[in-house]
Amino acid sequence: QKEVEQNSGPLSVPEGAIASLNCTYSDRGSQSFFWYRQYSGKSPELIMFIYSNGDKEDGRFTAQLNKASQYVSLLIRDSQPSDSATYLCAVTGTASKLTFGTGTRLQVTL
Amino acid sequence: DAGITQSPRHKVTETGTPVTLRCHQTENHRYMYWYRQDPGHGLRLIHYSYGVKDTDKGEVSDGYSVSRSKTEDFLLTLESATSSQTSVYFCATNGGDTEQYFGPGTRLTVT
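Top to bottom, those sequences are chains H and E.
So the first sequence is numbered by the numbering used here: it starts at 1 and just counts up by one.
So the second sequence is numbered by the numbering used here: it starts at 1 and just counts up by one.
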């Protein structure tokens, strides 16, 4: 079982819709959770992090964490073509190390 | 971008040759990391450093070594490059919190 699992996609949503990206993790001791966006040929860019159960909102982005279910999600409201990218979920382990999922490719269609 | 630069940005080398990649940061961050990214595998940690001269292995460290003689520089060396080390290599840092920030990457091709 992979430590951090994501559906590889592509997830296709129309412009203006809500995109929902999901991630599950296996280590119950994980404390911090991150979402990175990566455009093709570029480096990962941190867009959200969440430490506590519940929702955290930042602009059009909402991160949701459920530690009991070992589940973290990212919602993108009013999706734009510029949101088309691969979204990486990451979870902390020891020594501030991150374990990454393989990413979900999001396509926002016109 | 946490002031992270990587050099070279692109490199083509032959099997069996040594290769050194450099990561330089200007934020005085304590932690530094080297990852490789391959299709189907995502980002995998090669080595990391938690201070000058303090380094440890990640999940895919075989065939790689690192050195950190100054806070700002973290070097990744492939002692004898193999085709399986063809990849995109990313350096990342954090300052003690858990958020990591990535450099622009180095695309390495081993022929």
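Derived by calculation from the structure, the hints in this document are not laboratory data.
Hints are not guaranteed to be accurate.
[Unchecked claim] Computed cross-link-like contacts, BS3-like style, restricted to lysine-lysine with a CA-CA straight-line distance of at most 25 Å:
1. Lys67(H) with Lys57(E)
2. Lys53(E) with Lys70(E)
3. Lys11(E) with Lys42(H)
4. Lys11(E) with Lys67(H)
5. Lys70(E) with Lys97(H)
6. Lys56(H) with Lys67(H)
7. Lys97(H) with Lys56(H)
Going down the list of hints, with the structure as the test:
{"no.": "1", "hint": "Lys67(H) with Lys57(E)", "result": "28 Å, violated"}
{"no.": "2", "hint": "Lys53(E) with Lys70(E)", "result": "8 Å, holds"}
{"no.": "3", "hint": "Lys11(E) with Lys42(H)", "result": "16 Å, holds"}
{"no.": "4", "hint": "Lys11(E) with Lys67(H)", "result": "42 Å, violated"}
{"no.": "5", "hint": "Lys70(E) with Lys97(H)", "result": "21 Å, holds"}
{"no.": "6", "hint": "Lys56(H) with Lys67(H)", "result": "14 Å, holds"}
{"no.": "7", "hint": "Lys97(H) with Lys56(H)", "result": "22 Å, holds"}
The earlier numbered hints that this structure contradicts are 1, 4.
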